[in-house]
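*Asks:* Protein chains in written order, with the UniProt record's numbering: chain C, 1 to 499; chain U, 1 to 385; chain E, 1 to 425.
Calculated directly from the structure, the hints in this document are not laboratory data.
It is possible that some hints are incorrect.
Stated by the list, open to error - Straight-line distance between alpha carbons at most 25 Å, and here's what the computed SDA-like set of lysine to any residue pairs gives:
#  : chain 1 : residue 1 : chain 2 : residue 2
1  : C       : K104      : E       : I399
2  : C       : K67       : C       : A53
3  : E       : K223      : U       : M43
4  : E       : K87       : C       : Y265
5  : E       : K282      : C       : R118
6  : E       : K419      : U       : A250
7  : E       : K282      : C       : P90
8  : U       : K264      : C       : P363
9  : E       : K280      : C       : D112
10 : U       : K264      : C       : S346
11 : E       : K336      : U       : F28
12 : E       : K198      : U       : L369
13 : E       : K280      : C       : D134
14 : C       : K394      : U       : R2
15 : U       : K264      : C       : S368
16 : U       : K3        : C       : D395
17 : E       : K336      : U       : T293
18 : C       : K272      : C       : G310
19 : U       : K187      : E       : S386
20 : C       : K106      : E       : W283
21 : C       : K394      : U       : Q6
22 : C       : K326      : U       : S239
23 : E       : K223      : U       : F59
24 : U       : K264      : E       : I399
25 : U       : K253      : C       : R325
26 : U       : K253      : C       : K106
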Amino acid sequence: MSLELRGITKRFGALTANDAIDLKVESGEIHAILGENGAGKSTLMNIVYGLLAPDEGTISVDNKVLKIESPLDALAAGIGMVHQHFMLIPVFTVAENIVLGHEKVKGPGFLDLERARREILRVSAEFNFDVDPDALVEDLPVGIQQRVEIIRALIYDAKVLILDEPTAVLTPQETDELLRNMKKLRDQGTAIVFITHKLREVREAADKITIIRRGKVVGTASPTASQEELASLMVGRPVSLDVEKNAPKLGGIALDVRNLTVRDYTGRALVKNVSFSISDGEILAVAGVQGNGQSELAEAIVGLQEHIEGEITLDGKNLAGVSVRKALHSGIAFIPESREEDGLISSFSIEENLILDLHDLPPFSNGSAISQVAVAENGVKRVAEFDIRALSPKDPASSLSGGNKQKVVLARELSRPVRLVVASQPTRGLDVGSIEFVHERIIAERDSGRAVLLFSTELDEVVGLADRIAVMYRGEFIAIVPADTSREELGLLMAGVKR
Amino acid sequence: MRKILQKIKLPILALVVALFVSGLLIAFSDPKVLALKGDPLSMIAKALSIAGSAYWALFRGSIYDPQLADTGFFGGLYPLSETIVVSTPLILTGLAVALAFKAGLFNIGAQGQFIVGAIGASYVGFTFELPIVLHALAAIVAAIVCAGLYGGFVGLLKARTGAHEVIVTIMLNYVASYFLLWLLSTKAFLREGRMDPIAPEVLESSRLPRLAGQDYRLHAGIFIALLAAAAVWWLLNRSTLGFKFRAVGANAKASRTAGISVAKSTTFVMVISGALAGLGGAVHILGADHALTNEVGGSFGFDAITVALLGRATPLGTVLAALLFGALRAGGLTMQATTETPLDIVLIIQALVVLFIAAPAVIKAIFRLKNVEEGQAIGSKGWNG
Amino acid sequence: MSSFNPKNMSAPERRKFRGLITMLVLSLFALIAFAYMPKEGAPVTYGFVLGGEWVLLKEWIINSKTASTLFAILALVTTFLAIFLFKIKRSSRIVSFIFGASFLMSFLSWAASGKFVPFTGLLQGALLLSVPLIFGAMAGVISERSGVINIAIEGQLLAGAFVSGVLASLFANNWIGLFFAPFAGALIALLLAVFAIKYGIDQVILGFVLNVLVIGLTNFFYKKLLIPYQSEWNSAVAFVPIEIPLLSKIPVIGPIFFAQSIIVYLMYIVVTLIHITLFKSKWGLRTRAVGEHPTAAESVGINVNRLRFKNVILAGAIAGLGGAFFTLGAVGSFSKEMTAGKGFIALAALIFGRWSPMGAVAAALIFGFADNLQGLLTIIGTPIPSEFMLMAPYIATIIAVSGFIGKVRAPAADGIPYKRGGGSR
Ligand SMILES: Nc1ncnc2c1ncn2[C@@H]1O[C@H](COP(=O)(O)OP(=O)(O)O)[C@@H](O)[C@H]1O
Ligand SMILES: [Mg+2]
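Chain C on its own, in the form it takes in the complex (with noise of 0.2 Å):
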């Protein structure tokens, strides 16, 4: 079976997410797309799985165009995904999951869920897959969720498999195991497109690779290029693929983190009593598997986690249980790990953003009133030195692309005195430029003397700026181990495996 896209083209308003895109995939091949983050290549995607309806082009399959109105349609032909963000219902138990949308029943409409228990089963089974079909898919970690949809692709019987950035939430253990199962459902025939902007992964499994970049395919190329050829070709310009920095110049400690333990409202320990410290100077990094409770120790350390016990203090000083506004201003810059959801208020303009914190102090209020002017002056400012690209600080924090938008929550939260950066995924979801933008200032930050944390999911991140990783594994630190760790050991410190 063969898939093949021709000139498809999708806008939203004035952005150009996929232009005149053509691409073949045949059977028995893994087809990589490589692309930084903003690409277009899920919105490609989503239109092959009839998620999104394309302005253009046409999808044929086997040489006839068809029409593909609906995942209904996708799926009929053939076509199956596994999404970057999982399509599940987290209530539902797996079962339940699979067989929506594919209901059996029996008797006067009762669901029949004996059979798809069966197939789960059997699917799991043949795959190592490990999973319980009555589980819910709320207590599964993210690992087994992914397996989840995998095995309900297969049991509708997909010849042609999406996978759309499936390592982001894997260690890199359980990537190559998926790799090795992607090589697996090839040699069976099916075939596979494999999404990623990880160029490792992409010439270890790909037979094939085409490289997008906004929104146009810019060229192919084979699985034995080299990384700098590949990176050069998804980013447009050659890139230095290392961080550079020098040694670090440790000072004194300034976080210390005894015992910590959050939990959510219904008293489960998502950060199990975790001890760590941070000198001046110094970037530590979380490694771990996104879900492990990295979020909640982040937020914890500002004051955003209600249900907290044990001590963090900053420079001798406790910080716990205090409220975010007084974590903030002993000397915390916190950069949120969902920049539109946490970190800006959309609708707010860029200069009403640049104060969010300070908005109730001098010189921005007299106490009761805002002064226009001071914020206008500070605008102008911040936009300038952190090279914000916007038309005016007047605009809405909306208009601005994802870099600039991550740019706005930097300039703010560093502009604050400043003792501790705590980055909770800097870089998520950010072009190549921006990242390099975000990862220079975090390293011109621990340069002058203050301690940075650093939460990544992505290891390569990890690695590049760490001066000392930890890792976390079930809200627990499961070690803190030197920079130059392998990544093998990483790995298995991720999946749990102590050493």
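For chain C, the structure is supplied; the task is to place chains U and E with the ligands on it using the hints.
*Replies:* Same frame as chain C, now just chains U and E with the ligands:
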């Protein structure tokens, strides 16, 4: 100028369509019109004359009545004074709802807060004997405190437990009504010699001065309402507190992350919102009604929601919308009395106007418009938001 | 007692703990206020109907002080049982239910001291008052489980009441009225569906405005047509109750549940169907899916907005049918704003029952009972002002949503419009 025109185009067209639809309803629910089924032309003529006379009565009851002009032009303006009397509390309750909207809260409880405010003002008004200005002030403060607490309770509950303000305020409206009913049966509030639920009149010293003599109910409350509108404008657009309110309303999570206390903002907004609604109750008692009855709330609190929606939750818009709905209410009474059209047509007009404004697509389709300014949609967060 | 240190508890445990404290305080309150404080009791007479005929009356006469003490102690015992269950980390709804019933009975025995309480009638009346609440709550379940907030229940009930009453009168045929009641509710729901789903307008605001619209319309026609031309437009008479053979002869239960009007039997059917299908059928699975995670539902080929559209209309039809109970099930003719906020109590029952059909039914029954009790107490005269009894369901709802009875969580996507083609990034 063009900008203003752009802004009010949609509301005005919505009103026109709503009046048209209601006109059809008035005409074609009339047996005299339906009786002419066989004769389309005279049927249309009859329909026009019936709807026309209803709307003419509406106008006479709300703006200018030539029949009352025997004492000169100003005599004919009596209806306008009534419109303002009805609009005054509406402006205040409308502001209460609008302010809460801006802070991301849907205060359906203006009705209950209005009642609680009216109770407070009335009690101080008829119980204590105080010097003239001071008495009115004391009554108003009492209303603001009672209603502020009543509203603030909702905010506090939401901040501390996450209880959705829509549910809590709906429930508190009922609680306030029953509480009022009970109060009016107690010795403290029952007027001497009366068995029906009516409290004693507030003392002269606590009443708001009448602006156009004793024949007109027009009272100084309108200035209080306009002042409150200006204050709300300043609060929202210039003040530090208002910045917090707007920030939390636009994105509570980001505000919290930047160190703004969402709990405090929620509580304060509801205190102020409740106080505004309560002020409405006070002004209505001290200025127009003078005595608390079980029907004091009328529909000021409920109309407030349509007022705030029509006014796009801005202070100026709210004032204008309140004047419009006040006019409909005041005129509706005359319409009901002089034609066979029930007052309730006003509710229908209100509901239609708000529907059309909320869904501009309908208006755009009717008038084949391309670009009308739609303004921001409000809310849409769901129960868990 | 270390396990009772609230500091060591998780939030839900703390909430349950607060619930237990509330139970304890209420039991002690009952013991003191209803049992200990009154100087001496007077006999209370509880009347029970044992068979289908009202003459078969059995009386239970007991001193009010004794009865209050008895039930207060029972409440206290259940409280300790609940505390015991809490210690071994379990909980039971039945225990809470028995507690509630005992407390109410203790209260009733005190309040009706020296009076006659027609107990069967009390329960029967409670059921009748619950009927529109249950229909309304079922409308809420269907609509909100699929992700559309339904504040317009009140309007849907009112529309159903109006149309059924008017049509039954015009055609002098109740069946025609009953048949069209669901269409009236569905029509309002259609507006809700179009504006909420197609145009994505805030559903709370929309529901509110639709209520205003229906109140305006029914009031308008009521004054313009129903009053002046009453004999033609508003002279329907209620359905006569149907006694189900055998079932209606069961002692106590029979007359309460099986000697009712056709609308009540329809309610049994509706509730049973919804309870079963929501959790066991294909439709139910899909409905819950679009209410929890519409994008996921879309990704397996479910047309989210179409299903929501259908469900909202179905919900409106159910509420409309419930509306017919106000007229054809009770008094026959229509009167102005006769739903009197019942739609909002139905909404409260929905939330109180945590969006589950059976929970909502239970809550609606409790609210109906409180309502009827208040009516009875006003007639026989009691120390408590009836206004406070009337407030009870509203206050109970506030307590419920404030989390004293555990966190209430709406379906995740409830109230959030779904735009097709958002896709995943
Ligand atoms: N539903 C949408 N509405 C508006 N813009 C979108 C939407 N989906 C994606 N985009 C934009 O289209 C571009 C491509 O996005 P995407 O396909 O998700 O990139 P990738 O998957 O390659 O990282 C981005 O700039 C993104 O912001
Ligand atoms: Mg993507």
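*Asks:* If a hint holds in the structure, say so; if it does not, say that too.
*Replies:* Against the structure, the hints:
no.: 1; hint: C:K104 / E:I399; result: violated (42 Å)
no.: 2; hint: C:K67 / C:A53; result: holds (10 Å)
no.: 3; hint: E:K223 / U:M43; result: holds (22 Å)
no.: 4; hint: E:K87 / C:Y265; result: holds (20 Å)
no.: 5; hint: E:K282 / C:R118; result: holds (19 Å)
no.: 6; hint: E:K419 / U:A250; result: holds (20 Å)
no.: 7; hint: E:K282 / C:P90; result: holds (18 Å)
no.: 8; hint: U:K264 / C:P363; result: holds (23 Å)
no.: 9; hint: E:K280 / C:D112; result: holds (9 Å)
no.: 10; hint: U:K264 / C:S346; result: holds (22 Å)
no.: 11; hint: E:K336 / U:F28; result: holds (21 Å)
no.: 12; hint: E:K198 / U:L369; result: holds (19 Å)
no.: 13; hint: E:K280 / C:D134; result: holds (15 Å)
no.: 14; hint: C:K394 / U:R2; result: holds (22 Å)
no.: 15; hint: U:K264 / C:S368; result: holds (16 Å)
no.: 16; hint: U:K3 / C:D395; result: holds (19 Å)
no.: 17; hint: E:K336 / U:T293; result: holds (21 Å)
no.: 18; hint: C:K272 / C:G310; result: holds (10 Å)
no.: 19; hint: U:K187 / E:S386; result: holds (16 Å)
no.: 20; hint: C:K106 / E:W283; result: holds (13 Å)
no.: 21; hint: C:K394 / U:Q6; result: holds (22 Å)
no.: 22; hint: C:K326 / U:S239; result: holds (22 Å)
no.: 23; hint: E:K223 / U:F59; result: holds (21 Å)
no.: 24; hint: U:K264 / E:I399; result: holds (21 Å)
no.: 25; hint: U:K253 / C:R325; result: holds (14 Å)
no.: 26; hint: U:K253 / C:K106; result: violated (46 Å)
The structure fails to meet hints 1 and 26 from the earlier list, while all remaining hints are met.
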